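What follows is the residue order along each chain.
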Amino acid sequence: MNTYRADLHIHSVLSPCGDLEMSPGNIVEEAARKDLDIIAVTDHNHTGHARLTRELGARRGIWVVYGAEICTREEVHCLTFFDTNEQLGTFQVLLEEGLPEIPNDAAKLGFQVIVDEEEQILEEIGHTLYPGVKWEIGEASRIVHELGGLFLPAHVDRPMNGLYAQLGVWPEGLDVDGVEVSRKCTREDAVKDHPELERVTVIRNSDAHFLADIGQCYSRFLMERRDFSEFSLAMKGEKGRAVLA
Amino acid sequence: MTIKEITDALEFTVYTEGDGLGSNVSGGYVSDLLSDVMAHSKEGELWVTLQSHVNVVAIASLKELSAIVLVKGIVPDADVIRKATEEGIPLLGTDGGTFDTAGKLFQILND
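Chains as they are written, first to last, in the numbering used here: chain A, 1 to 245; chain B, 1001 to 1111.
Since the hints were derived computationally from the structure, they do not count as laboratory data. There is no bait here: all hints are sound.
No more than 27 angstroms apart at the CA atoms, straight line, and that leaves these computed lysine-lysine pairs for DSS-like:
1. A:K192 - B:K1042
2. A:K34 - A:K184
3. B:K1004 - B:K1042
4. A:K108 - A:K134
5. B:K1063 - B:K1004
6. B:K1072 - A:K134
7. B:K1063 - A:K192
8. B:K1042 - B:K1104
Predicted model only: the values in this text are computed from it and were never measured.
Whole structure, please, built from the sequences with the hints as guidance.
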């Protein structure tokens, strides 16, 4: 069994809050510098940089999980992870259907651009990626799981957009593959505040918006090799695979 | 003032009466952050919100609020209505926005 260092919550320049330096190329180079083995670019409600980041990561020996940080109808932020191009493509279509079309005021809210390997702008997303999609959190979880993805409420300890802030208590029957706590929090603290998390896999990530933040916080994945089935087993804590937050 | 009197005066939709509309409303609370409602609302208050997740019922029950009012014509899912009925929490609705609804409630409760 091997231990892999994983930072699974990174915002690229596609996120309105992501720094302009956060191109897929720069993110991968910084991740390599920080000796990360696994990363995910999780932009707000969009997956537009997933494929390029995976291509660039492969060249530097980094495994890139596809993902996005979605915002549910209750404005709970949740991390979603996918394996294949097909899953990613379908999820992107669903996200576009699910998100209200509110024009983005880039000067006030931030630029949302998809760039290529040379950092040339390929597309600017015209509607803001901040709002909640139309899915209730349970529905969001079902949609992600039906596609074969993984679903984890993000930074559950945060006073805004964390699950407990928005919903007060853990929603009965919510199907998750784990939860993320912010880098200011530990698994121990989270369990102290919310004993039901004792049974849940906890991951910690940088939630980087700037290059320097990448890898400042990461989780260690104990698994045989870097692929999505091993990654899923680690999240579920099955067959000797595990996450050490 | 009872929930029934308020519901009639402001023409609220009644999704479920819960344990009935006869209990007294002590005041109002307006918030969409459920953790905030958990921390700061008081027993007997009428809660005005746009959140329609089933957890609103759990919080209203926990805090012994008198009723929930969903604004902007938001229609709760069947499981939310079922849960409110089970927990005995009146679940109401209005087409009005939060500002107008809270204003009217404030007026009627302080007349």
